[in-house]
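**Student:** One-letter residues, chain by chain:
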Amino acid sequence: SQTIHQWPATLVQPVGSPLSLECTVEGTSNPNLYWYRQAAGRGLQLLFYSVGIGQISSEVPQNLSASRPQDRQFILSSKKLLLSDSGFYLCAWSDGTNTYNEQFFGPGTRLTVL
Amino acid sequence: GESVGLHLPTLSVQEGDNSIINCAYSNSASDYFIWYKQESGKGPQFIIDIRSNMDKRQGQRVTVLLNKTVKHLSLQIAATQPGDSAVYFCAVPGPQGYSSASKIIFGSGTRLSIRP
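Those protein sequence lines, which keep their order, are chains B and D. So for the first sequence, my numbering puts the first residue at 1; every next one is plus one. So for the second sequence, my numbering puts the first residue at 1; every next one is plus one.
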């Protein structure tokens, strides 16, 4: 069966510090991968998605970047965090073989920027 | 562009009663709809989906109804239990990017709370 991992689970970082959040998927090959941010009490905002190694699409202008160095690894990064980067970050994957595919979410990383 | 909204941000239901969570969407061309459940501090979990060629689909204790005429869908939970407490999101596929990415647009969510 497929599983998706995210770490760390929680993170507190000072403003201006770098960020690296990691997501890995097991039990599937060539998944589509996604990074979402969820502000408190709000819905999910899609940040990045990837359909393959090295292929990254950004949905919104922001202080963050994403990379996919391996098929089942997706990394969210920042060189200098802003207060507004605080939130709950969710990684998700979907099967890229057809159009109607649900997305499976990881457990999330709660980031607090102070 | 596509947008998805919910009629109520919160819903309080007596344990054992049925819950109905509503969602409106804007794009009449939307052809696939998904409901997710998100418990506190966790990622969303898929509950049920429905395609536009259907107007009703049933799962275990859940039913999704789709009314394409008024662009409305609802999630019905039968015999609501304490474990149903969560935020429920409806979602529709967004404009497809290149290749096969299944981009999804989420509504803002309805928080369901259960009264004992």
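Hints listed in this document are in silico derivations from the structure and should not be mistaken for laboratory results. It is possible that some hints are incorrect.
Stated by the list, open to error - Using 30 Å as the maximum straight-line C-alpha spacing, the simulated DSSO-like pairs for lysine-lysine come out as follows:
(1) Lys56(D) x Lys71(D)
(2) Lys71(D) x Lys80(B)
(3) Lys79(B) x Lys71(D)
As the list claims (entries may be wrong) - Quick list of the computed label-pair ranges, beta carbon to beta carbon:
(4) Gln13(B) x Ser28(D): 40 to 50 Å
(5) Lys42(D) x Val15(B): 23 to 33 Å
(6) Thr3(B) x Met54(D): 23 to 33 Å
Even glycine gets a Cβ: it sits at the ideal position worked out from N, Cα and C.
**Student:** All hints are to be evaluated individually against the structure, with a verdict given for each.
**Tutor:** The hints, checked one at a time:
1. This hinted pair checks out: Lys56(D) and Lys71(D) have alpha carbons roughly 14 Å apart, not beyond 30 Å.
2. Of the supplied pair hints, the one linking Lys71(D) and Lys80(B) is violated, its CA atoms being roughly 42 Å apart against a limit of 30 Å.
3. For the proposed pair Lys79(B) and Lys71(D), the alpha carbon gap of about 43 Å is over 30 Å, so the pair is violated.
4. For the hinted restraint 40 to 50 Å between Gln13(B) and Ser28(D), the CB-CB distance of approximately 44 Å keeps it satisfied.
5. In this structure the supplied range 23 to 33 Å holds for Lys42(D) paired with Val15(B), their Cβ-Cβ distance being about 27 Å.
6. The beta-carbon spacing between Thr3(B) and Met54(D), approximately 30 Å, falls within the hinted interval of 23 to 33 Å.
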